[in-house]
Amino acid sequence: KPEGTANAATPQAGNGAGESDGGTTNNGPNGGSEKRCERASSVSRDGETPKPVIAVSTVVPARAAPVPAAVPEVSAPHDRQTLLAVLQFLRQSNLREAEEALRREARLLEEAVAGSGAPGEADGTGAEAASALLSRVTASAPGPAAPDPPSTGASGVVTVSGSASGTAAPGKVGSVAVEDQPDVSAVLSAYNQQGDPAMYEEYYSGLKHFIECSLDCHRAELSQLFYPLFVHMYLELVYNQHENEAKSFFEKFHGDQECYYQDDLRVLSSLTKKEHMKGNETMLDFRTSKFVLRISRDSYQLLKRHLQEKQNNQIWNIVQEHLYIDIFDGMPRSKQQIDAMVGSLAGEAKREANKSKVFFGLLKEPEIEVPLDDEDEEGENEEGKPKKKKPKKDSIGSKSKKQDPNAPPQNRIPLPELKDSDKLDKIMNMKETTKRVRLGPDCLPSICFYTFLNAYQGLTAVDVTDDSSLIAGGFADSTVRVWSVTPKKLRSVKQAADLSLIDKESDDVLERIMDEKTASELKILYGHSGPVYGASFSPDRNYLLSSSEDGTVRLWSLQTFTCLVGYKGHNYPVWDTQFSPYGYYFVSGGHDRVARLWATDHYQPLRIFAGHLADVNCTRFHPNSNYVATGSADRTVRLWDVLNGNCVRIFTGHKGPIHSLTFSPNGRFLATGATDGRVLLWDIGHGLMVGELKGHTDTVCSLRFSRDGEILASGSMDNTVRLWDAIKAFEDLETDDFTTATGHINLPENSQELLLGTYMTKSTPVVHLHFTRRNLVLAAGAYSPQ
Amino acid sequence: MYGKINTTVGPALISSTYLLCIWCFYLNPQVMAQILKDMGITDYEPRVINQMLEFAFRYVTTILDDAKIYSSHAKKPNVDADDVRLAIQCRADQSFTSPPPRDFLLDIARQKNQTPLPLIKPYAGPRLPPDRYCLTAPNYRLKSLIKKGPNQGRLVPRLSVGAVSSRPTTPTIVPATTAVQNVLINPSMMGSKNILITTNMASSQNTTNESNPLKRRHDDDDDDNDIM
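Residue numbers (our numbering), protein chains in the order written: chain A, 1 to 786; chain B, 1 to 228.
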């Protein structure tokens, strides 16, 4: 069926072309609309609603009318744009067959018009534009691959996101354009140029003047425009190879930008040619994604009114092309409020990006039969039993029968069942819990620091098991070393021959399988071929994961101390990896800007979390294992749903790449630390920033909440550990309708009150923090004398 | 012979050494330190400059060598800018690869994320991928000796290298023909599954069954998971 209609379509194009030499204007639009009707009929034959296509067909003749359309190819590229919009609509409405049929036809159509790199057509401009368009068509016909030639004097002509880059676009367009996140027009416009390059400085100065003369209350909000516009205009000049204009544009305006964008500007200053951009994926992503700005309606009206005046049309088009303005109703924000939330490479988060429901509650603990021994008589799953001597703990006692509405259903994601050894672990955990110290501002934890000596700045990753019995260190010499923290040495399992000799029925069979001859305090694991940047123990202490610069994640057995599996997928350095709190799943994030979810028994990832604009530096599981948080070098933190891979939250506000993440034990909050030295606290349910902890003077590279969430410990490259009062920080949250709707929170300047203590080390950056089950702090770092 | 070299390679050689001399004038530590400063890097060990210079020099000579080859292929008398440009482009595609573009990543992410999470089989022991994707196979092979030793009656598995032999469905046991002396099966190099498969013979079966401390049930079709 689709073939039939396609054949019908192409001869029509041919006919149109044949008759166009005569210069008749009628055939163009008619040819266009006829094509449309063909497509409509093919769609209706598929049994889908022909509505969208018919709507297009009515639109097309109207738009094609002002254009002389001597060549039907002229209408074809904006057909392409409408085509893509239609494709996107069909995809979103799950009209798969229609979409496939349309796509197939569209491919054939594109081949028919591939030769002519005709630009898109102007929006309702007059004959002058039409003639300019015509001259463009003839001028660019021989050179399809070239980007837009500089406008031929008719600077009034605005090309609205036509695919002017000719053949470069079509190949990409088919596969690229129809996707969920970036808009169709955004992708196409990434290759286009607005207006005259020499005028860019004037446009920018004009806007700058306008904003600086506007009312105070609006100025802060409108000033958000400077940075994204500056970068986009500069990148456009570079991409279209106007090197001198780009340089002078940069010289003139880079000093005006906010201080927290200085690192980006430095990178930009080295990008002077189009070839430089090719290798820089982050900048390319920036070009094709829309920078999100949140502006109040009043400020927006002001801006729009100003820019839609005749002489400012250029910059209005640039704004429309590269920026997404999320409008909210309410008071314009103050500079302070704005500064707290901006800073990321993608702007802020759209309000609707943070609206979806997140199950941040914890999974119910399974009920375990505790064997009653004389030590303690807790029967933990009998709720009513008054036998308890100790006060009930949240995890085991006073469990309400009804489901926590914020907790995910138990079987939302498949989780491994509890083995006997896991049940024993849990019992051990509960026993330790009873002896746990209650922390608070008047009862601070002791900190035990493990310093790695003679590491020569090679310590790149550290992890500690949950019961604090083992420490693993990943090093720049590609080794992973495992130490035993307790006096109990590390042993590996006996050889097969010896194993056959032991008595399998004895009680201590798990001890007997261990080979005493291999007992040592340190085990070295060789295998990686690059520095090891991430390490993670499994909750059952059987496995260790390590991720390295060689692009692989390795699974090591802690019973034989050998490597079991190498997971290949990232082909670039993997910066972090972590096991799920229930084992079996693990997540890894790396230089290729994605995080991947794996299961130990699958050699390929189960989920790919793509969306960040720059490297994923840090990956952490939520305590209920249903969500993964990733912190990236694009200065955003994203929360992903394990079930379907969707990004459910985007948190912006950091001014530097994020290096540490931790969830609170109750699952409601997230703490993040970055190179700007600040620790930010986020409420996951509402998707809002709820706290800012200032104090560190260098990158915050480790964060950990205490076991019951009362204290947050942060370790930094400034060689200190700081303890913060978490209960107070989360205490009074304004969560009224206004703040939830608009996302504005007035953060109190209470970092000093929340700081409970600063503990300095002797020139040892604190790479890892860990709270033992009894709330003792273990910290780790490598001594680096300066 | 020398004359021949001079006529064909000579001019290209001269022009390239000329270019190299120009470059050497600029490739000195002061310039490199200035470059680092411009990129905002203030904190570095002194050896970094040497390494950067070495890299720069090696890169330039590689490009110029390639450019020489291209220009001589095109039978041009001199190396010109086009040759150098071509050389740069070819090298860039080889050594300086960049991660995949965003649209590609979003596309494969969408495909991957559509499949539901696989259910987890209970009682599966160590959950590892099929053996061919693990690193648990022996990476050595034992050569058979010519003379048949006294160990005829003993366990004589024939081990071979790599993943091929670890397929559970193709046990390549040929006990009688090749007698292997002093077989050292190092279980720490192999997963217990492998021992199970390759020594699929009477004498050692019982021992290897118990070798797994987690007491996994022997399950032959574990590896036929439809992971792909």
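Since the hints were derived computationally from the structure, they do not count as laboratory data.
You may find that some hints are simply not true.
[Said to hold, decoys possible] Pairs of lysine-lysine residues, derived as DSS-like cross-links and limited to a Cα-Cα distance of at most 25 Å, are as follows:
1) B:K121 to A:K568
2) A:K274 to B:K37
3) B:K121 to A:K364
4) A:K357 to A:K426
5) A:K426 to B:K121
6) A:K488 to A:K419
7) B:K112 to A:K357
8) B:K37 to A:K278
9) B:K121 to A:K419
10) A:K247 to B:K37
11) A:K568 to B:K37
12) A:K273 to B:K37
13) A:K402 to A:K423
14) A:K431 to A:K357
15) A:K357 to A:K402
16) A:K423 to B:K37
17) B:K37 to A:K252
Taking only the CA atoms, is the gap from B:K121 to A:K568 under or equal to 25 Å? Distance of about 24 Å is within 25 Å: holds.
Taking only the CA atoms, is the gap from A:K273 to B:K37 under or equal to 25 Å? holds, 21 Å
Are the Cα positions of A:K568 and B:K37 separated by 25 Å at most? Given pair A:K568, B:K37 is violated - Cα atoms ~37 Å apart, limit 25 Å.
Take a quick look at whether A:K357 and A:K402 sit within 25 Å of each other, Cα to Cα. Holds, at about 20 Å.
Within a Cα-Cα threshold of 25 Å, do A:K431 and A:K357 meet the stated pairing? Measuring from Cα to Cα gives roughly 35 Å; hence the hint is violated.
If you draw a straight line from the CA of A:K423 to the CA of B:K37, is it 25 Å or shorter? violated, 57 Å
Take the C-alpha atoms of A:K488 and A:K419, compute the straight-line distance between them, and say whether it is at most 25 Å. holds, 24 Å
Given the hint that B:K121 pairs with A:K419, does the C-alpha gap stay at or below 25 Å? holds, 13 Å
With a cut-off of 25 Å on the C-alpha distance, tell me whether B:K112 and A:K357 pass. holds, 22 Å
Given the hint that A:K402 pairs with A:K423, test it: the Cα-Cα distance must not exceed 25 Å. It holds: about 24 Å lies between the C-alpha atoms, which stays within 25 Å.
Checking one constraint from the list: CA of B:K37 to CA of A:K252, max 25 Å. Satisfied? holds, 21 Å
Is A:K247 within 25 Å of B:K37, Cα to Cα? This hinted pair holds, its Cα atoms lying about 19 Å apart.
The structure does not agree with the numbered hints 4, 11, 14, 16 stated previously, though it agrees with the rest.
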